[in-house]
Amino acid sequence: SQQGEEDPQALSIQEGENATMNCSYKTSINNLQWYRQNSGRGLVHLILIRSNEREKHSGRLRVTLDTSKKSSSLLITASRAADTASYFCATPNQAGTALIFGKGTTLSVSS
Amino acid sequence: EAQVTQNPRYLITVTGKKLTVTCSQNMNHEYMSWYRQDPGLGLRQIYYSMNVEVTDKGDVPEGYKVSRKEKRNFPLILESPSPNQTSLYFCASSAYNSPLHFGNGTRLTVT
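Going line by line, the protein sequences match chains A and B.
In terms of our numbering, the first sequence has 198 at position 83, counting the first letter as 1, and numbering is strictly consecutive.
In terms of our numbering, the second sequence has 251 at position 50, counting the first letter as 1, and numbering is strictly consecutive.
Next up, chain A with everything else stripped away, as it sits in the complex (with noise of 0.2 Å):
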């Protein structure tokens, strides 16, 4: 099934230096959405690209998507301690019933 799969599963940077993580999905898409989870807690939407933008920006966070790769980039600048989190992407199904997310990136800030 249509399914947005994250890389690196895990990702360990120090303060300040910037975190990228990639996703990939398998059929064409009308938008991609990126989700942060603390640990145990729910998910909170960071950003929404649609299938004709190629890069949108939100604070520190930048997402690029190419449509030809069937792929997307989620940057975080700066990074902080709190931002020590699971990320996810997610695509919605064809029949737009639902969203289906990838397994994640777990990140984790040091300071």
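Don't read these hints as lab results, they were simulated from the structure.
Where a beta carbon is used, it is the ideal one built from N, C-alpha and C, also for glycine.
One or more hints might be untrue.
[What the hints assert, rightly or not] If you only want the chain A side, here are some residues facing chain B, beta carbon under 10 Å, derived:
# : residue
1 : ALA134
2 : TYR150
3 : THR199
4 : PHE203
5 : ALA213
6 : GLY217
With chain A's structure known, arrange chain B on it following the hints.
Below, chain B without anything else, positioned relative to chain A:
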């Protein structure tokens, strides 16, 4: 404050004892959905509802029931819980074609 409220936050029960996890949203969203999250399997959709009295199965509906008698509420019912339903459950809601808002989750243990 706009939010999705799930209760209880933690639940330990025994096999076969019926239980209900409640979910309520105050954003007047048409769409609501239940997901379960398991290590290595990610988030999987259990059931969804496009509006009042309209519910449908997601990817893993076996052993679950839902109802949508009012727009704000979408309870998840386990008629006869089994240990393989031990999981972290999330309720989510959204307006049409918009990002999901998640509850804080219900951690269920079935012994």
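We went through each hint and held it up to the structure:
1. For A:ALA134, the shortest C-beta to C-beta distance to chain B is roughly 20 Å, which exceeds 10 Å, and the interface hint is violated.
2. The interface hint given for A:TYR150 is met, as the beta carbon of that residue sits about 8 Å from the closest beta carbon of chain B, less than 10 Å.
3. Given hint, A:THR199 at the interface with chain B, is violated; its Cβ is 18 Å from that chain's nearest Cβ, farther than 10 Å.
4. This hint holds: A:PHE203 has a C-beta 7 Å from the nearest C-beta of chain B, less than the 10 Å allowed.
5. Taking 10 Å as the C-beta contact cut-off toward chain B, the hint placing A:ALA213 at the interface holds, the least distance being around 5 Å.
6. Interface restraint check: A:GLY217 against chain B, minimum CB-CB distance 7 Å, threshold 10 Å, status holds.
Consistency with the previously given hints fails for numbers 1 and 3, ordered from lowest to highest.
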